[in-house]
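Which chain is which? The protein sequence lines are A and B, in order. Residues in the first sequence are numbered from 1 upward in steps of one, following the numbering used here. Residues in the second sequence are numbered from 1001 upward in steps of one, following the numbering used here.
Rather than coming from a laboratory, the hints here were simulated on the basis of the structure. Careful, some of the hints might be misleading.
[Said to hold, decoys possible] Okay, derived cross-link-like pairs now, DSSO-like style, lysine-lysine, Cα gap no bigger than 27 angstroms in a straight line:
id : chain 1 : residue 1 : chain 2 : residue 2
1  : B       : K1019     : B       : K1009
2  : B       : K1053     : B       : K1022
3  : B       : K1038     : B       : K1009
4  : A       : K68       : B       : K1041
5  : A       : K68       : B       : K1040
6  : A       : K54       : A       : K68
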Amino acid sequence: KNEVEQSPQNLTAQEGEFITINCSYSVGISALHWLQQHPGGGIVSLFMLSSGKKKHGRLIATINIQEKHSSLHITASHPRDSAVYICAVRGRETSGSRLTFGEGTQLTVNP
Amino acid sequence: DTEVTQTPKHLVMGMTNKKSLKCEQHMGHRAMYWYKQKAKKPPELMFVYSYEKLSINESVPSRFSPECPNSSLLNLHLHALQPEDSALYLCASSQPLGQETQYFGPGTRLLVL
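With the rest of the complex left out, here is chain A (with noise of 0.2 angstroms):
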């Protein structure tokens, strides 16, 4: 089992829609991460989460740590919204520096 799973894997949605991403993980974090990657590869880092609740736009991360759980949720959801969505976390044992991912879940929005 990995220590980051996502779900769901793939999603499609239509413009407009609500749409939410979860993780789940395995192991006591210091941080998590909400990144997302659009085809041709760069990375945008969208939240750092280490507790509660945060907005940026029409997007909201939430966690709860003792669930050992995040959502990411996309309001009125448009085709450029449209990558894969990859959460990350820093375990409170690791060294600073290493990100362990999930699988990431590829959104697909259509017009």
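With chain A fixed as given, assemble chain B onto it according to the hints.
Positioned in the frame of chain A, the structure of chain B alone reads:
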């Protein structure tokens, strides 16, 4: 400036070639990273430099040789690569404290023939 730049964008090389990938950032970050990413897989950490010193080497084969000539630059020297080394190579940087956000470059797509 919150940008990490990488050159070249694409690289095709033979198994006997020697080439280098370059990464640069001007955010004052003192930690820099090399990742390897195969298609439809998450990035795999290769090396971490902290304050220009190699702090993590994830048992990477010696045909990959990292170099950090100063706090803004990170190189990855390639020699005698194998076709299975074909991948996207991503550079990232951050402050070296445990909880800092990593900023990623656009990557170099490498094809080894």
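Quiz item: Hints broken by the structure, by number, lowest first?
Solution: Violated: none.
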